[in-house]
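Colleague: Sequence:
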Amino acid sequence: MSAEPKDKLFRKKRSRTVIDREVQYGVVWKIAVHWMALFACNSIALVIWIGLFEQPDVSWKQTVVDSFRRFLPFFVITAALIPAFVLDTLKLTNRFAGPISRLRVELANAAEGRPVRHLKFRNNDYWLEIANGFNTLIDRAGLTAEQNEASNVTK
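Under UniProt numbering, the first residue of the sequence shown carries the number 1, and numbering increases by one thereafter.
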């Protein structure tokens with residue numbers, strides 16, 4: 001964390017979990033695919049292990065049935081945890097999607113010649129130094145809403 005004055009950081013909770021659908025859902029999708037692949041590979045490896053070392057004299061069909069029955073609680077708990085992991089991933093990605101979304105809005109304002117507001121990220125957001133650099137840049141360039149209002153008053 002940077003040595004920023006406390007007034008530049010704030011702790012307001014986010015009102016939305018999804019800020020940038022493309023980025024956040026892309027990350028969630030990738031993690032979900034990895035989670036399902038890991039689950040499938042572990043399940044297959046478990047059945048093979050049981051078939052080869054614990055029940056070598058039983059048919060593979062019976063081994064699959066026995067494995068499913070034996071490890072059903074594990075399968076249920078694993079499946080039940082998926083929504084929690086998805087929500088936690090969305091909250092984590094919000095910490096970088098939110099700041100970049102705000103930066104994108106203010107860059108568009110600058111490009112269109114509209115007043116630009118200082119960026120204020122939450123304490124636990126990523127890229128606090130981007131906000132500091134952006135704020136310094138718009139102050140030097142005279143693009144802030146406050147500077148525009150002051151110049152309109154003097155005219």
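Please keep in mind that the hints were generated in silico from the structure rather than gathered at the bench.
Glycine is no exception: its CB is placed at the ideal position from the N, C-alpha and C atoms.
Treat each hint with caution, since some may be false.
[Said to hold, decoys possible] When the alpha-carbon atoms are kept at most 27 Å apart in a straight line, the in silico DSSO-like pairs for lysine-lysine are as follows:
| id | residue 1 | residue 2 |
| --- | --- | --- |
| 1 | Lys120 | Lys91 |
| 2 | Lys13 | Lys120 |
| 3 | Lys61 | Lys120 |
| 4 | Lys13 | Lys61 |
[Unchecked claim] Now the in silico label distances, taken between C-beta atoms and shown as ranges:
| id | residue 1 | residue 2 | range |
| --- | --- | --- | --- |
| 5 | Val65 | Arg104 | 17 to 23 Å |
| 6 | Asp66 | Leu103 | 52 to 58 Å |
| 7 | Ala84 | Glu22 | 19 to 25 Å |
| 8 | Glu112 | Lys91 | 28 to 34 Å |
| 9 | Asp66 | Val86 | 27 to 33 Å |
| 10 | Gln55 | Glu129 | 56 to 62 Å |
Colleague: So the hint says 19 to 25 Å: do the beta-carbon atoms of Ala84 and Glu22 match that?
Modeller: Given range 19 to 25 Å: holds, Cβ gap about 23 Å.
Colleague: Taking 17 to 23 Å as the stated bounds, is the beta-carbon spacing between Val65 and Arg104 within them?
Modeller: violated, 53 Å
Colleague: Verify the proposed pairing of Lys13 with Lys61, using a straight-line Cα cut of 27 Å.
Modeller: violated, 52 Å
Colleague: For Lys120 and Lys91, compute the direct alpha-carbon distance and say whether it is at most 27 Å.
Modeller: holds, 18 Å
Colleague: Take the C-beta atom of Asp66 and the C-beta atom of Val86, compute their distance, and say whether it sits inside 27 to 33 Å.
Modeller: holds, 31 Å
Colleague: Indicate whether the distance between the beta carbons of Glu112 and Lys91 respects the range 28 to 34 Å.
Modeller: holds, 32 Å
Colleague: Holds or violated: Lys13 with Lys120, Cα cutoff 27 Å?
Modeller: Distance of about 13 Å is within 27 Å: holds.
Colleague: In this structure, is the beta-carbon distance linking Asp66 and Leu103 contained in 52 to 58 Å?
Modeller: holds, 55 Å
Colleague: Using the C-beta atoms of Gln55 and Glu129, is the stated range 56 to 62 Å upheld?
Modeller: holds, 58 Å
Colleague: Tell me if the straight-line CA distance from Lys61 to Lys120 falls inside 27 Å.
Modeller: Violated: Lys61 and Lys120 sit about 60 Å apart, past 27 Å.
Of the numbered hints listed earlier, those contradicted by the structure are 3, 4 and 5.
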